[in-house]
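Enquirer: Here the structure of chain A is known, so what remains is to put chain B in place on it, guided by the hints.
Listed below are the residues making up each chain.
Protein chains: 2
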Amino acid sequence: MSDHQPAGGVRLSLAEVEELTRRALLACGVDPRNEGAITASVVAAEADGIHSHGLARLPTYCEHARVGKIDGKARPVLDSPRPGLVRVDAKGGFAHPAIDFGLPALCEAAKAQGIAALAVSNSYNCGVVGYHVERIAQHGLLALAFVNAPASIAPMGGTKPVFGTNPIALAVPRAGLDPLVLDQSSSVVAKSEIVVHQQRGEPIPLGWALDRDGEPTTDPKAALAGGTMVPAGGYKGAGLALIVEIFAAWLTGANLSIDASSFADNLGGSPRTGQFFIAIDTGALAGDGSTERLERLFGAITGQEGARLPGSRRTSARQRMAAQGITIPQKLFDTLQAYASAGAAAQRGVELTG
Amino acid sequence: MSDHQPAGGVRLSLAEVEELTRRALLACGVDPRNEGAITASVVAAEADGIHSHGLARLPTYCEHARVGKIDGKARPVLDSPRPGLVRVDAKGGFAHPAIDFGLPALCEAAKAQGIAALAVSNSYNCGVVGYHVERIAQHGLLALAFVNAPASIAPMGGTKPVFGTNPIALAVPRAGLDPLVLDQSSSVVAKSEIVVHQQRGEPIPLGWALDRDGEPTTDPKAALAGGTMVPAGGYKGAGLALIVEIFAAWLTGANLSIDASSFADNLGGSPRTGQFFIAIDTGALAGDGSTERLERLFGAITGQEGARLPGSRRTSARQRMAAQGITIPQKLFDTLQAYASAGAAAQRGVELTG
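Residue numbers (my numbering), protein chains in the order written: chain A, 1 to 354; chain B, 1001 to 1354.
Same shape as in the complex, but just chain A (with noise of 0.2 Å):
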């Protein structure tokens, strides 16, 4: 994920990140009751400079708000069919109020049964997958998770997209340090990267999308309208985009990625997306010295020269981001206050009829 700051922006310390994206949702009808989980999901991007999915992804929630095609009123059902599994049904509305309900009955079966699960449908983009798993590891609790997305990757062989980017995302706690956290798409990159790339009206690198015809191609637009995104490792990274395709759209009762809407347009209703987390209490089975056995394994990486963890980049921009917070650029601004302040005129024209 890319952490490059454009000059001649507009500087923002993360308090003001928060509430500027507060406004901006509410502005657009999202329930108060719901804005919160969204809002700590895109100041936490934004603290580990995930760009992409931080304010950069805000113009896109709060016009899916605006417009209906994700309904930011909806409240999510808990329930829980058997001891190991909880399901929560985000009811065509935000992600992250729905995975923010279901975390706490995932972490309080998981520590009953040693292993339980959470599974979450009718859903929507929730952001960076490696957020929740984080939050779940702060529990002490290990954590994996599948996350689905609208077609974009051809099958082994194929031509026609059949699975999302796809995520998987693993973290895991460590003594008296922040969790190892590790999230991947199954693609060469997160289509994020592309939007991004596009925002700016800069190429993409070859290798990571191809046109509608199949053909490699550098230009985002491209590679978004109708091509395809180029999976990790060949056949490799299709067969992961499988796996989480299962977990994440077909077990939850989601939409499959074939017949998700987009993510990035107005079309199509919500897209109904999953997501499945697995949490697992390890302290039955990793047994006496599970420390010290993770930490050598952790010192086997990063004994090597240019080696390094996954994650480890994020943990030095937090206390980077934190320090001198974040620079986005002026049109970014000015498109996200617009949200803020129409919707302002909106509500307050609801609140003159009401």
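Hints were generated in silico from the structure; no laboratory data involved.
Errors might be hidden in some of the hints.
Stated by the list, open to error - Label-pair ranges, simulated between beta-carbon atoms:
hint, chain 1, residue 1, chain 2, residue 2, range
1, A, G176, B, R1212, 32 to 40 Å
2, B, P1104, A, E215, 45 to 53 Å
3, A, A112, B, G1268, 34 to 42 Å
Unchecked claim - With the Cβ distance kept under 7 Å, some of the chain B side facing chain A (calculated, not the full set):
hint, residue
4, A1119
5, L1256
6, T1282
7, G1287
8, L1297
9, A1300
10, A1307
Keep in mind that this is a model prediction, so the values were computed, not measured.
Note that beta-carbon positions come from the ideal geometry of N, C-alpha and C, so glycine has one too.
Expert: Chain B alone, transformed into the frame defined by chain A:
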């Protein structure tokens, strides 16, 4: 996996494969209560056309039992520390009897809790991982497996091996059909493919492996003697290998890949690697119409010219091998006969002196 069959070899029916495998294992001192699980997996690998994990691996199993690197008489021990967790200690013996011992308890726990896991520690090479998850799926459960192996993949940015080729496998039950099985290593190819090329005296393609200096090589010997395997999709393959390592090695309490002795030579005692299986009773989550939704997903793949489902080559091999049998190199046949006879001679010696 290769299904290349050398001309001028020895043709065997699957019944003859079973008989030869059983004789060789028993002759090398494997306990009759352990032998059946190993033999069944060797026959299944040959039946599926995965020769690299069938009789081609049997000389190593025999040799390890003969010299005591693997304790052929070890009996696995099972406990269930939590309602959703089953643990099997393979006690430095073969993997297959340990996994077979744990599978019924895993399936029972998954049906009771909705989700359950089986952690196998102090284990060994388990052959085709897909074989094990397929058997879980035959109980109507969705299955995911993680398996570690002696270190052969370097972490991103590094040059020294930290992860094994660490495969991941998925099996999905299908109404009236064999389960869908996906089984892929974190490396570009499974290490066994390189072993098979070495046995045949054939070079390996560039891009499969690096030599001990980190340089690309076509020499299988250079790859196996201090070299590393190339991860599929670059750092994303190394990332997947880390996910697998956390579950299969760290969580199970097995040896980390960096601490595991070779699966190939006689040195260093048992590798004591691990396997981790997750089984899910899908009915409560996937809900009504889940069969149709699954086949709709698979149809979006098989409906494309040139695309195929993972595991479909195995299914067609299964019919061909059952009808025609297999052909193995004369040299491999002679080696296996020698294990079967030498072991038998040693066994007679025990009987005479016992």
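Enquirer: Against this structure, judge whether each hint is valid.
Expert: Going through the hints against the structure:
no. : hint                           : result
1   : A:G176 <-> B:R1212: 32 to 40 Å : holds, 36 Å
2   : B:P1104 <-> A:E215: 45 to 53 Å : holds, 51 Å
3   : A:A112 <-> B:G1268: 34 to 42 Å : holds, 40 Å
4   : A1119                          : holds, 5 Å
5   : L1256                          : holds, 5 Å
6   : T1282                          : holds, 6 Å
7   : G1287                          : holds, 5 Å
8   : L1297                          : holds, 5 Å
9   : A1300                          : holds, 5 Å
10  : A1307                          : holds, 3 Å
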